[in-house]
Amino acid sequence: MSIEQASPNPIRLHKELAALWDTPAGWGRLSAVNHTVLGKRFIVAAFVFFAIGGLLAMLIRVQIATSQTAFVGPEIYGQIFTMHGTVMMFLFAIPMFEGFAIYLLPKLLGARDLAFPRLTAYGFWCYIFGGSILICAMLAGVAPDSGWFMYTPLSSSTYTPGINADVWLLGITFVEISALAAAVEIVVTVLKVRAPGMSIDRMPIMAWYLLITALMMLFGFPPLILGSILLELERAFGLPFFDPTRGGDSLLWQHLFWLFGHPEVYIIFLPAAGAVSMMIPTFARHELVGYRAIIVAVIAVAFLSFGLWVHHMFTVGIPHLALAFFSAASGLVAVPTAVQIFAWIATLAQGRPRYDVPMLYLGGFFFVFVLGGLTGVMLAMVPFNWQAHDTHFVVAHLHYVLVGGFVFPMMAAAYYWLPHFTGRVSDHRLSVPAFWLIFGGFNLTFFLMHLTGLLGMPRRVAFYPVEAGWDWLNLISSVGSFLMTIGFALFVVDLVVQVRFGKAFRRNPWNARTPEWAMPTPPTSYAFGSLPHIEDRADRLDADKLGAELAGGSGYLGFTRNGWLETLTVDMTSGRPDQLLVLPNQTFKPLWSGLATGAFVLCLLFKFYWLSLAALALAVASLLAWTQGMGAREDVGALPIGRGEVAAPHWETERPPSWWAMVFCIAAEGTLFASLLFGALFLWLVAPGWPPPDAVSPGTILPVLCLVALGSAALGGRGALAALTAGNSPSVWLMLACASHLAAIVLLASMAAGIDDPTAHAHYATAFVTLIYAAVRSGLGLIFAGHGLWRERGGYLSQARSLDLRIGKLWHDYSAVTGAIAVLAVFATAWLVGSAR
Amino acid sequence: MACTLFLAGCSGPLSALEPEGPSARGAATLWWVMFYGSAAIFVAVSAVLAMALFRPAPLRRLGPEGMIRWGGIFFPLSNLVLLVIAAFVLGERLLATPRDPAPLRIEAVARQWQWEFRYPDGETSFDRLHMPAGRDVDFAVTSEDVIHSFWIPRLGGKIDAIPGHENVVRLRADRPGTFGGVCAEFCGPGHTVMTFTVEAHEEEDFLASVDELGNGEGGQ
Amino acid sequence: MSSPAAKMAHGRNARLLLMAAGFTIWAVAFIALYGMLSVGCRFGWDRIDAVAGISVQRLQLLVLFAVHVAAGVALAVGLRPPFPREGAGGHFVRWVGYWAAVAALGSTVFSFAGVFALTACY
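Residue numbers (my numbering), protein chains in the order written: chain E, 46 to 882; chain X, 1455 to 1674; chain S, 3 to 124.
Keeping only pairs whose Cα atoms sit at most 25 Å apart, straight-line, the calculated SDA-like set for lysine to any residue is:
1. E:634 <-> E:669
2. S:9 <-> E:691
3. E:85 <-> E:64
4. S:9 <-> E:621
5. S:9 <-> E:712
6. S:9 <-> E:708
7. S:9 <-> E:684
8. S:9 <-> S:81
9. E:85 <-> E:463
10. S:9 <-> E:685
11. E:590 <-> E:330
12. E:85 <-> E:130
13. E:634 <-> E:658
14. E:548 <-> E:538
15. E:60 <-> E:594
16. S:9 <-> E:627
17. S:9 <-> E:772
18. S:9 <-> E:703
19. E:60 <-> E:688
20. S:9 <-> E:764
21. S:9 <-> E:845
22. S:9 <-> E:770
23. S:9 <-> E:619
24. S:9 <-> E:681
25. E:85 <-> E:530
26. S:9 <-> E:851
27. S:9 <-> E:768
28. S:9 <-> S:20
29. E:634 <-> E:69
30. E:634 <-> E:89
31. E:85 <-> E:97
32. E:634 <-> E:569
33. S:9 <-> E:760
34. S:9 <-> E:855
35. E:652 <-> E:818
So these bits of chain X aren't anywhere near chain E, every CB distance computed over 12 Å:
36. 1575
37. 1578
38. 1590
Quick caveat, the hints were computed from the structure, so don't treat them as lab data.
Since the structure is predicted, the reported quantities are computational estimates derived from the model, not experimental observations.
We treat Cβ as the ideally placed atom computed from N, Cα and C, and that holds for glycine.
Excised from the complex, chain E in its bound form (with noise of 0.2 Å):
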């Protein structure tokens, strides 16, 4: 590595970097917006669920030991196992794998943070606040009770009429938010924010595993979130969408259920899998084999897991072809997981493998995981599956899945990288006991449990008859699982005290050769004292002598200026630096929005609705508030980022990340939409009672001056941009657009208010519910358009500095033809519903 610029004293680097990047003391901490920081709370207070859930699940060891020994009623068990399987889906399992890749992909990638500090803040909170609501829930007794997939109509207002149901649906999309939020956060982070000269194919492997699974996340998650937010204005408002006697229909539910609850496995085992991809060649001594082979198969397993949802819903009465399909997709994923696992046992192979604890917990994975696999392409077999479908062995299965692809793989994790988060290694006096309790607990646990649920006992049941003949499996369960806590509490006893009492160590205790190991641990603040050139596989780097260099201030950026927090970003492909990224500084703005978002969701919940949308105008106020100050009045040019190269602030720049998060968010709301319009068309072919008497008739005139207002408030965005690049104001444009999204909100809503009754059947509640959306996304439009305005008014927009125009023409565009899009949709639904009278 050439060292082309003089490097300043290391010591008052770090002294200045850190006075920049530090998180205060005190309240401050509250303020913190850096990934080493969320990252940590993000994993200790996944861990607390994880705690929570565990809880729960001894709960329900208890409660079936036997056929002696429920304790509780069936209503107070139902809403035991709808938490533990809630909690430890959304509330572990999600956001610990978001912690992992928050704290660790700057470091892998090189950079000083991810793309946007401030939506990590914010996710964290919409995260604790969402999780608290469920977990208060549960403590007053009130906790979600209709089984953590929440099927309708036991969840809905008929047979579930109190708050419960409505503390998962708003709870749990709260929590999405910030999933969705982690997701953008991190495709983008891939994509842009690296170390210049590392190209596509130099990323750490886990990189691209955390890339893909984001990719997942945007258009896996959508379907969950319009569903829940169908059923919640069906309990709310009475708009049917899955009543079977209103033209709606409860399979409706279980496809969007489903559609985001496959991939959400995938989503779960994928970062685990890329942990594994980054220890194993560590501790084979010897760089991974099939790096490619491996990227191929991710992405094979990406999009198979949007193709085996019914696997869950083979017994509810689909044709057997269709069945087929999904069927012969779900065994077919076994292939590229069985890729992944022989790539990395040729790694073991072609190295000199060595033991150490994190291995130890990777041969458990290996063992867990595989039967789960087997036994899921059992599962993935039709008859066999219409037996054990909603059985115990489905129990077995899932947890042998999760456990064996996501808590293994985690505790190795956390074996191999809590050095690197305190600075400590570990004396392996527990580990090695903490290990064996919990494996051959959760083996005892659920091994035998496959022959349960092939004896017949169905899922959620709160008591069973002794004749049934299932006490002996279920009290070996039990006890298995009791094994199991003690392993994990013995677990944790391990990790405080390597936290607290570990020996100490330089750096780089496994001589890792990848880039989160080419800083001092624990890790400063801005990550990379200087960042480096990658000029080789990321995974081969010298990350001892990196690292020193790297502090010294020797790669790019090794300085301060003007008070900024600065990285870079990079041409996603060649790996070339092209943007300097300026990060924001510490603010509480994210917890403002945070409280606000969970004031708007407590409005919800507690049925207050004129306020709830005081409180979601104060949630977007505050959102809007973070560009305050952000970007520049005016322009500064190309500056120097060290080593004689030279990058423009992202600002000046035609596609900076925000750009791409723009892209990212569009592409998850029009798979939101997409699921929309995807149970329109399912309900009139699928659902009971359907034609209904009347189609909806949207008219003419309405709609035709509703696709002129949307066409023109896309003008308007376009001629705005056109404006300020060719030198001149943008003002009259944006007025413009201002006033045709304002136009297209009224007349949306006027021919959403024309159709008589949205509560009396599904077709006028889709219709109704498109037209609405569509005015939603207008209104975002408006706030596009009026904050253009603002930001020309304070002197941020020029011919160089056109970003906010350019994000904003994005969503005019977007909202412009999706609205067209939801006018013609329902034009073609009321067709569809006459003609098939």
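Given the coordinates of chain E, work out where chains X and S should sit on it, guided by the hints.
For chains X and S alone, coordinates are given in the frame of chain E:
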């Protein structure tokens, strides 16, 4: 069959491994094939892992590409092709496709928390299902409130009872006898107790039992 | 406003999508086949004979299957080696794109071959 070799009990009133009809028997056979196959695969993959750790020379000769190609692609894919074909063929045999003459049709209506069975001539019974042994019966399953699932493990696979939909499952009991039935889909606090009893009769006993219902048992 | 260099960068970015192209065809095939299967069953196409004892339902599904397999083949052929040198990362993108397309083609055949034989509407 092999059950007894391994475990004391594969039997039980609700055991899917003690089949009493063709549907359950097909699933059980598929299970045992997959069980032995999976056990073999698991041992084989573990052996490869052990080799990688302790005796890597042969694997090194195969090379990483060879390992990924054979272990990751060809081996699982060939197994899957065979398995999927077997499962599809079996699945086709179990479908309730229309046929002439139509099998006996019994309606099963689920509600919180009770099963109502309706026989061709309008007789009804609650939580006790009568069926003839030795011939196919089509159960037309639906629900009046939330989703339930109709499952007689010893006779065959389950089918969901979904409000607004009618699903048909074709089952047959090989011999007269009494079998357990359960609701397999969580349907609220009464889910646990939503069980029913199946009585498979000889033909004439079946007719007599159903006839009797008209006069009595119906109004439980 | 886009400079030529920026245009080239945009082209390179777009080329990253090649890695997902093959499986996008698979996904479209999935939506088309599952969607049209449901439509056909809803309107009783399985009970209408098209040619030689093949129902309208099966015929349209076979056509959809063939179209998507053909598209998959075309993509794989279009991306086949040798891969051009396209600067850092470019070769890699083509390699991944090609093998993903091959995997996706195999997946399409494997996932949907049931259209040849299995019962469509029961």
